[in-house]
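K.L.:
Those protein sequence lines, which keep their order, are chains S and F. Using my numbering, you'd call the opening residue of the first sequence number 1387 and step up by one each time. Using my numbering, you'd call the opening residue of the second sequence number 49 and step up by one each time.
These are calculated hints, taken from the structure and not from any lab test. Where a beta carbon is used, it is the ideal one built from N, C-alpha and C, also for glycine. Be careful, since some hints might not be right.
Claimed, not checked - To give an idea of the interface, some chain F residues facing chain S are shown, with a C-beta separation under 8 Å as derived from the structure:
#, residue
1, 80
2, 91
3, 176
4, 183
5, 215
6, 216
7, 326
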Amino acid sequence: MSDTAKRPPATGGSRAGMKKELSEHFKAYKHVWVFIEYEHGNIHPVSLELLGEGRKLANKLGSELVGVLMGGGRQALAEAVTQCWEHGADLVYLCDDPVLEHYRNEPYSKALTDIVNTYKPEILLLGATTLGRDLAGSVATTVLTGLTADCTELAIDGEGSLAATRPTFGGSLLCTIHTLNFRPQMATVRPRVMAMPERVPGRTGRVIEHTLDMREEDVVTKVLRFLPDRESTKSQLAYADVVVAGGIGLRSPENLQLVRNLAEVLGGEWGGSRPLVQKGWMPADRQIGQTGKTIRPKLYIAAGISGAIQHRVGVEGADLIVAINTDPRAPIFDFAHLGIVADALQLLPALTDAFRRRLSVNRLAG
Amino acid sequence: MHIVVCIKQVPDSAQIRVHPVTNTIMRQGVPTIINPYDLFSLEQALRLRDRFNGTVTVLTMGPPMAEDSLRKAITFGADRGVLLTDRFFAGSDTLATSFALSQAVVKIGETWGPPSLVFTGKQTIDGDTAQVGPGIARRLGLNQLTYVEAIEAVDPEGGSINVARRAEGGLQQLQTKLPALITMLEGTCEIRRGSLPDALRAARAEITVWNAEAAGIIDVTKCGLRGSPTVVKQVFAPKPREVKAEQVPTGDKSYADLSEVVMERILGLQPTLEADLLRMAAAY
């Protein structure tokens, strides 16, 4: 047993003082990888968004962009490989095995860990979905490296390290995190945080197949059934073109109806800020912000939302942000494009009427 | 059936304020709570304990004051609390945290019997990473069940468990073997109120306090700052945008008039929007 008297002193000071001293064997780690989330015959859009972001990082580093694609059974993986190339990947590592037909932590962790240990990426990005978060935590722990969750900005710093920025302290500040001396540098990013890259039809690349070293008998966890969500019950918030949301300024849960009415006239989706979920005014899948949905609509109308950072990072990708708030000093006016200092409870119904008239008149005229 | 629940004491984020001038966090006087996501896992653990006549051990890592969160968990009905506290744990990131907690779970198993289930919250409200649960599962070789909506069947004798897990686009019904690690989704169960006898028990409860050595951690270089591969380089407030929001003058206009102005301005700033809206409306 260890002698307590000889325990090394606890490190003092801040981590900011730590220096990059990458050991020799980590210098072989090259290229930017994106884990391609592929389920039920489709690539999750977040993986394509990450290929777009990964392309920029790879260009900065002068390295290749690589997609890691897994699936199996009767799935159309060849089409998915093409999609990766057309969204910027130079190379795809493909692991095609019936064991990988449905996501399960065990075989997916095994496959990704083995591919990482064999081909040694410098950076590995995953979508911050239920799948990506489940997988990323396991892989980072297995290979003993750093993992930064829910990044809102990725960059390469002067020393060639990944600088991953994310909200901290419940979304009231931002912090930049580095994995200086371990490889790969891992990060997850939520859907819609990064822009969807332009697809380049006909763009091709290479593919390298990886054989999964695991049989179905080795996998302890079995999928008994998959019950798909009914489209009608699932909110399409993240991908809506128009979003109207309410905050605590609505004063009572019944007034969320005013938000829903305007969203309906605009053919959009509705949501709210985090306090509304905490108060039980609306379900969590309607929450907009860092811990809820990130949105990138053409038009976002925020009614009675003050605009805490955790909300801000979830809506900054919107083309046009319109804020209605009675408090002229509300932080939301710092990042909205159009501001109206007014009572949302009065303006929302008036705006709903105005748009309803406008759209019906033009519809008749058209 | 022995169940371990890992919880974290966190500042009540609803009450954190940023200093308007210095942009630093004002943490003084902010009350602490049990991470709200952990309560759903604690409740599920207590229900299983009640059904199978087992025990629930609550584990937390943190400063000495984190003992309060363990007492609080005992008022909900937990059987015992273990506090892991040592200066060597200071500055732990998720990798170092999962190392220390997994070592403590092993020690808990040696002391009170190996757990069939380990629960953690889905994520914490201060870190929001959702990484510590999977980290513990991986280190202890537990079958990992994250984002669980419902525990559908447990067979302690047969050593199996069935759950419904929230996946992308639907629910997965999974079956796996014990021991397993579960993270519960929020809102999946009603959390009990503590009973008076439990409150009295909590006040008198002997909390087990372990430092690194007592928890069986020999290699302290895997703990705290030293054991954390991630480095926080910078903490900052986001820059305000160069241009502030264009304000629509409200004057003493009626809301009907104001709404017309706002609508025109929206359509002016986003010229393709009207055509899009009409196309969507026509599609109905």
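K.L.:
Against this structure, judge whether each hint is valid.
P.N.:
Checked hints:
Given hint, residue 80 of chain F at the interface with chain S, is violated; its Cβ is 13 Å from that chain's nearest Cβ, farther than 8 Å. The interface hint given for residue 91 of chain F is broken, as the beta carbon of that residue sits about 17 Å from the closest beta carbon of chain S, more than 8 Å. This hint holds: residue 176 of chain F has a C-beta 6 Å from the nearest C-beta of chain S, less than the 8 Å allowed. The interface hint given for residue 183 of chain F is met, as the beta carbon of that residue sits about 4 Å from the closest beta carbon of chain S, less than 8 Å.
Hint status for residue 215 of chain F: holds, given a least beta-carbon distance of 6 Å to chain S, under 8 Å. Among the interface hints, the one on residue 216 of chain F holds; its C-beta lies about 5 Å from the nearest C-beta in chain S, closer than the 8 Å criterion. Below 8 Å, beta-carbon pairs count as interface contacts, and residue 326 of chain F has one with chain S at about 6 Å; its hint therefore holds.
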